[in-house]
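Chemist: Residue strings, one per chain:
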Amino acid sequence: MTQSCPVTIMVNEKEYKREVEPRLLLSDFLRHELGLTGTHVGCEHGVCGACTILFDGESARSCLMFAVQADGHKVTTVEGLAKDKDNLHPLQQSFWEAHGLQCGYCTPGILMTLIPFLKQNPDPSEDEIRHALSGNLCRCTGYQHIVDAVKLAAEKMK
Amino acid sequence: MKPAPFEYHVPDSLDQALNLMSQHAGVAKILAGGQSLVPAMNFRVAQPSVLIDLNRVLELGFIHEESARMRVGAMTRERHLEFDSSIARRIPLLTEATPFIAHPQIRNRGTIGGSLVNADPAAELPVLMLALDARLKAENISGERWINARDFFVGMFTTALEPDEILVEIEIPFMQARTGWSFMEVAPRAGDYALMGVAAQVTLDENGKCEQAKLVYLNAGEGPVDAKEAARLLVGEPVNDTLIQAAAEHASEKEINPFGNVHASADFQRHLANVLTQKALKLATQRAEENLQ
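Residue numbers (the numbering used here), protein chains in the order written: chain F, 1 to 158; chain E, 1001 to 1293.
Heads up, some of the hints might be wrong.
Said to hold, decoys possible - Taking lysine to aspartate or glutamate pairs in the EDC-like style, the calculated list, with each CA pair at most 20 Å apart, reads: (1) Lys1002/E - Glu21/F; (2) Lys1029/E - Glu79/F; (3) Lys119/F - Glu1082/E.
To be verified - Using C-beta positions, here's what the derived DEER-type ranges look like: (4) Pro1173/E - Lys119/F: 30 to 40 Å; (5) Cys103/F - Gln1212/E: 36 to 46 Å; (6) Ser1086/E - Asn87/F: 42 to 52 Å; (7) His73/F - Ala1246/E: 51 to 61 Å; (8) His73/F - Gly1208/E: 31 to 41 Å; (9) Leu1292/E - His73/F: 46 to 56 Å; (10) Ser1085/E - Glu13/F: 28 to 38 Å; (11) Glu1290/E - Lys83/F: 48 to 58 Å.
If you're looking for bench data, these hints aren't it; they were derived computationally from the structure. Note that the Cβ used here is the ideal one computed from N, Cα and C, for glycine as well.
All chains should be built: construct the whole structure from the sequences, respecting the hints.
Modeler: The following block contains the structure:
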């Protein structure tokens, strides 16, 4: 018999109530149950960082959590960053302007990693930026433009 | 890559968790931070039929400073260890080493207890607990017992815990006076599993001679490897380059037993151990000398 657990999860300030099987990963819950496909799934074992979200405001891998664990918690995904499609978050705007993405697969995870990083470290050095990005794999850019985008974002967000 | 089905329990007190563990002893897995268990479940390398999630047992998340030791709850996140000011003051080796554990995204979830019970020979925390002479408290429904870190890690991914026991607390003595420390590792990229790593401590007597030394290695055998003989070479002497070289050579050639992997041969791991030991001992000694003044 399949166990089913009721959950109430606040995602991007909106409350969702669902019934989930305990083995459902939070990443799959966001994508398949809520249709929030901005959270990307790469390796599904915590290495690539594409599925990074904010869990109660702190960055975490959504593929390494079960949706049932998020019951009563707050989740922020990349969809929660921009006010609307004409008003990108300054971090997103910086990625646009500095060409911080090519295929874009890794971008949501990178953005969600950087939100708490820039909050903690509003004026980061290049070394610190590269270190902060070490948990997110990008196979297109070679990181140079991503680093530029983070520098630009730090300026904008001051 | 999806986990196999399991029966899920989410106790909100330690008593409940212990009861569940006794009912499901041998088949249940504890879910702590999930940063090693969940990948293993996604790969279906691990297929526990019962999962007991400790993330709502809030009483297991704490860092308390006592008169000569820190007491840390098993569910304390690695990120909290990293930024705790009492730990930074009392056990700076731990503060220095914590940022080497994977990435912030992992440390936000990963717990000290989870890492210790997982007993990965390449992990940092088991090495640190051995280097710091920590004691670990295990509980089951009939009581509690304390296990010294050196008796806790019995093999690769294997600990001294019984199937119905839960690791609940870790007690770490303050670092002693006149003691210097260093943690160093080499990884292909920041946050990756290290190819080799060492935690070093040097305690000097009032005359500047080595009173006690400690060298513990990661990814150097079936568990954290305590190079006691190499450390003993330093004791009773003023620490100089010749002694440091001798200790590094002894530890890397005689005491560690690295297996080699796709990134590094066993020989290269031994070479790294030699170089890291020399660097770490120099820094630890220098810090101990600063603490003498």
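Chemist: So, for every hint listed, does it hold in this structure?
Modeler: Here's how the hints hold up against the structure:
| no. | hint | result |
| --- | --- | --- |
| 1 | Lys1002/E - Glu21/F | holds (12 Å) |
| 2 | Lys1029/E - Glu79/F | violated (34 Å) |
| 3 | Lys119/F - Glu1082/E | holds (17 Å) |
| 4 | Pro1173/E - Lys119/F: 30 to 40 Å | holds (35 Å) |
| 5 | Cys103/F - Gln1212/E: 36 to 46 Å | violated (55 Å) |
| 6 | Ser1086/E - Asn87/F: 42 to 52 Å | holds (43 Å) |
| 7 | His73/F - Ala1246/E: 51 to 61 Å | holds (54 Å) |
| 8 | His73/F - Gly1208/E: 31 to 41 Å | violated (53 Å) |
| 9 | Leu1292/E - His73/F: 46 to 56 Å | holds (49 Å) |
| 10 | Ser1085/E - Glu13/F: 28 to 38 Å | holds (33 Å) |
| 11 | Glu1290/E - Lys83/F: 48 to 58 Å | holds (52 Å) |
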